[in-house]
Amino acid sequence: MTFEDFWNDVGEVLRGDIALGWEICRLSLADTQHHRQFIINFRAETRLPGEAWEAACRVILQRLTNSADLQHAFTGVFRSNTLCGDSVNSPAPTPLGRAVTLPLFMKLLKEQNVFNSDSEAEQLQNDLLDPGANVDTVREHLEGIFISRPGRVAWATFDVGRDRSPSGLDPFGSMALEADVIRARLGLSTNDKGKDLLLFVYELPSHMIARYPTIADAYAGDEWPYYFRPSLEGERWGMTMPWDGCGMPPCPEIVHEAVNVASLRDRIRVARG
Amino acid sequence: MGNPVVGEDGRLDVGSVNTLSREELTNWIRLRLHGQDHLVPSDIRQAEPGYYLLASIYPYLERDSRSYMRSAVEQFLIEMAQGDASWRGEAAHSLLLLAQDLKEPEFVAPIKRMAEDSQFFDNAAGRDIDAIHHRLLQCLVALRWSGSPAFWHTQFERSHTTYAAVVFAGLNIISIHQAMLLLPRVPWEDANTRREMRVALRGLLPDYDHTVNSIVLSRVLRLLKPTHRSIVENMLPEVPRNVRPLIEPPRQSIGLDRLKRLNRPDVSILDVEMPTMGGFDVMQAIQERPPEAVSDPRRVQNEKIGHQRSPSGWTNLTDMLAGSHPGLRGAATK
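Sequences listed follow chains A and B, in order.
FYI, the numbering for the first sequence is 1 to 273, going by this note's numbering.
FYI, the numbering for the second sequence is 1 to 334, going by this note's numbering.
Certain hints may be false.
Residues from chain A that keep clear of chain B, each with C-beta distances beyond 10 Å, as calculated [unchecked claim]:
1. Trp-7
2. Asp-9
3. Ala-68
4. Leu-104
5. Lys-107
6. Leu-124
7. Ala-154
8. Arg-267
Derived, one-sided and incomplete: chain B residues facing chain A with beta-carbon distance under 8 Å [what the hints assert, rightly or not]:
9. Val-6
10. Gln-36
11. Gln-46
12. Tyr-52
13. Arg-70
14. Ile-174
15. Arg-198
16. Val-199
17. Asp-207
18. His-210
19. Ser-214
In case anyone wonders, no lab produced these hints; they're calculated from the structure.
Cβ coordinates follow ideal geometry from the N, Cα and C atoms, glycine included.
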């Protein structure tokens with residue numbers, strides 16, 4: 001449901017309080033572009049369940065005027081409402097694609113204690129990205145290791161055919177294999193411009209569900225994103241928000257639970273920065 | 001109060017970080033490491049941790065700002081070492097991971113203090129702090145703190161499965177021999193340990209040339225059970241097998257009487273007559289070696305043959321063992 005739907009369902013007195021609280025919230029979050037985008041996204045979200053809106057309204061009713069406090073309070077609410085968007089299954093998109101900046105992926109591995117020293121990192125990177133390596137090589141080196149942050153929402157894209165259905169083809173097959181082109185289309189961080197980007201292609205395990213990304217998924221992290229918009233009414237899946245002024249089309253997008261290397265379908269490829 | 005500025009495209013303006021005072025920069029870093037930075041966005045799709053951006057901009061900051069960041073991290077580490085409750089859980093991990101990326105020698109003292117402080121042991125009776133002890137050991141390795149073999153072996157004794165790989169990496173900073181001597185004690189049956197040790201062993205490849213690896217490895221492999229030996233060999237397919245020093249090496253004389261005192265008829269004098277390597281306790285190695293892993297007469301004979309046709313290589317091996325081999329020299333001075 002939308003914020004509007006929820007608001008219409010509450011009693012008249014409460015409705016007035018929420019409206020006033022929302023106005024304060026809107027003005028308090030006008031300090032940065034990503035906060036302003038949050039305000040836009042909050043109104044545009046169509047797939048958040050009533051309980052999540054109710055919890056969000058409790059934040060609004062606090063009438064916080066400090067943007068840091070507001071962000072912190074909303075994050076707390078959304079963190080307990082991730083992966084609550086509708087499922088995307090008509091048909092379920094596969095294979096999925098995930099792009100992660102090379103140094104960031106190495107940090108993810110270090111956080112999981114995959115390696116300890118710089119020389120181990122160097123050799124592991126060589127082993128994983130060796131042109132002769134295949135998916136089994138990767139699985140052997142990273143057995144049981146997550147390719148997205150454990151315990152967090154994983155974001156993925158996929159390819160859509162001419163008939164506007166998931167094509168079953170390589171998610172990055174229709175993109176130029178240039179790191180910043182892919183970054184721009186997926187709305188990844190502009191701070192990583194110029195760095196190599198790793199491309200993962202994988203199948204979603206059968207017990208996991210591909211879902212529409214919601215504002216709860218986007219704003220559940222410690223820091224908020226710059227490039228995100230929720231899917232609109234009638235869209236069959238989420239859509240990315242490409243970089244401003246890049247002139248490139250968005251990509252389809254879904255979210256799911258964290259997956260490990262067992263789900264990989266192909267070896268890891270590199271889009272050079 | 002100055003703040004970091006984000007450009008129209010969502011990119012952090014590194015120049016704006018250079019304009020921050022020491023206090024402002026310290027405050028921003030503290031907030032970001034605690035997941036409370038509301039000014040600078042991060043990438044939710046890549047699950048970007050807060051410390052990542054700080055580590056990324058560090059090399060591009062001006063000298064004063066780098067110094068402010070270095071001091072801030074050192075100050076936070078000291079706070080953490082003093083038991084400040086705000087540096088627990090994710091914030092503590094973020095701080096330690098940032099310290100690893102910045103690689104400043106000033107960080108070693110507080111991290112070492114924490115590594116030896118029982119309140120940070122994840123398996124001790126004290127507070128369980130989310131595997132923070134492992135992260136501290138990882139920091140010491142990242143900062144190239146060599147320490148002593150005794151320090152690393154103490155960590156290994158806390159949990160062989162949890163710490164094998166990080167202890168191996170720590171010992172390798174002291175010497176490749178110290179690291180290799182851990183191999184017979186590694187719990188190879190544990191799948192997770194095997195995966196970690198594969199990465200740790202392969203981490204030797206960039207530091208040492210294959211011949212050095214081969215010579216050291218071939219000696220250590222003899223100490224492993226056959227099943228474990230093949231596990232290790234498979235992890236390092238690049239390292240040539242059966243490379244032997246080209247001339248007869250000087251032998252460590254332990255005497256037949258000492259050998260007899262071991263009461264191990266399965267051990268031949270050839271097995272123990274190995275070159276003295278830095279920190280290599282041959283007697284201890286034999287005592288720890290299971291009886292089935294030793295004394296294949298055919299292998300012993302092959303080794304004798306190998307030694308006999310060895311005219312010139314020992315000089316290099318001697319140099320290597322003395323720490324002056326080019327392959328080791330680089331590692332020792334890192």
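Hints, verified against the model:
1. Under the 10 Å C-beta cut-off, the non-interface status given to Trp-7/A relative to chain B holds; the minimum distance is some 25 Å.
2. Annotated as non-interface, Asp-9/A keeps its C-beta farther than 10 Å from every C-beta of chain B; the closest such distance is 29 Å.
3. For Ala-68/A, the condition that its CB be more than 10 Å from all CB atoms of chain B is violated, with the nearest at approximately 4 Å.
4. The beta carbon of Leu-104/A is not kept farther than 10 Å from every beta carbon of chain B, the shortest such distance being approximately 6 Å.
5. The beta carbon of Lys-107/A sits about 6 Å from the closest Cβ of chain B, which is not more than 10 Å, so the claim that it is off the interface is violated.
6. The Cβ of Leu-124/A does not lie farther than 10 Å from every Cβ of chain B; its closest approach is about 6 Å, which violates its non-interface assignment.
7. Listed as a non-interface residue, Ala-154/A fails to keep its Cβ farther than 10 Å from every Cβ of chain B; the least gap is roughly 8 Å.
8. The Cβ of Arg-267/A lies farther than 10 Å from every Cβ of chain B, with a closest approach of about 17 Å, so its non-interface assignment holds.
9. A hinted interface residue such as Val-6/B counts as satisfied when its beta carbon comes closer than 8 Å to some beta carbon of chain A; here the least separation is about 7 Å, so the hint holds.
10. At about 7 Å, the closest approach between the beta carbon of Gln-36/B and any beta carbon in chain A falls short of 8 Å, and the interface hint on this residue holds.
11. A cut of 8 Å between beta carbons decides the hint on Gln-46/B: the least distance to chain A is about 5 Å, and the hint holds.
12. Interface restraint check: Tyr-52/B against chain A, minimum CB-CB distance 6 Å, threshold 8 Å, status holds.
13. With 8 Å as the threshold, the beta carbon of Arg-70/B stays out of range of chain A, its nearest partner Cβ sitting at about 19 Å, so the hint is violated.
14. Violation of the interface hint for Ile-174/B is found here, the shortest Cβ-Cβ separation to chain A being roughly 13 Å, above the 8 Å cut-off.
15. The criterion of a C-beta within 8 Å of any C-beta in chain A is met by Arg-198/B, whose closest approach is roughly 7 Å, and the hint holds.
16. Checking Val-199/B against chain A by beta carbon gives a least distance of about 5 Å; that is within 8 Å, so the hint holds.
17. Among the interface hints, the one on Asp-207/B holds; its C-beta lies about 5 Å from the nearest C-beta in chain A, closer than the 8 Å criterion.
18. Violation of the interface hint for His-210/B is found here, the shortest Cβ-Cβ separation to chain A being roughly 13 Å, above the 8 Å cut-off.
19. Among the interface hints, the one on Ser-214/B is violated; its C-beta lies about 16 Å from the nearest C-beta in chain A, farther than the 8 Å criterion.
Violated hints, in rising order: 3, 4, 5, 6, 7, 13, 14, 18 and 19; the structure is consistent with all others.
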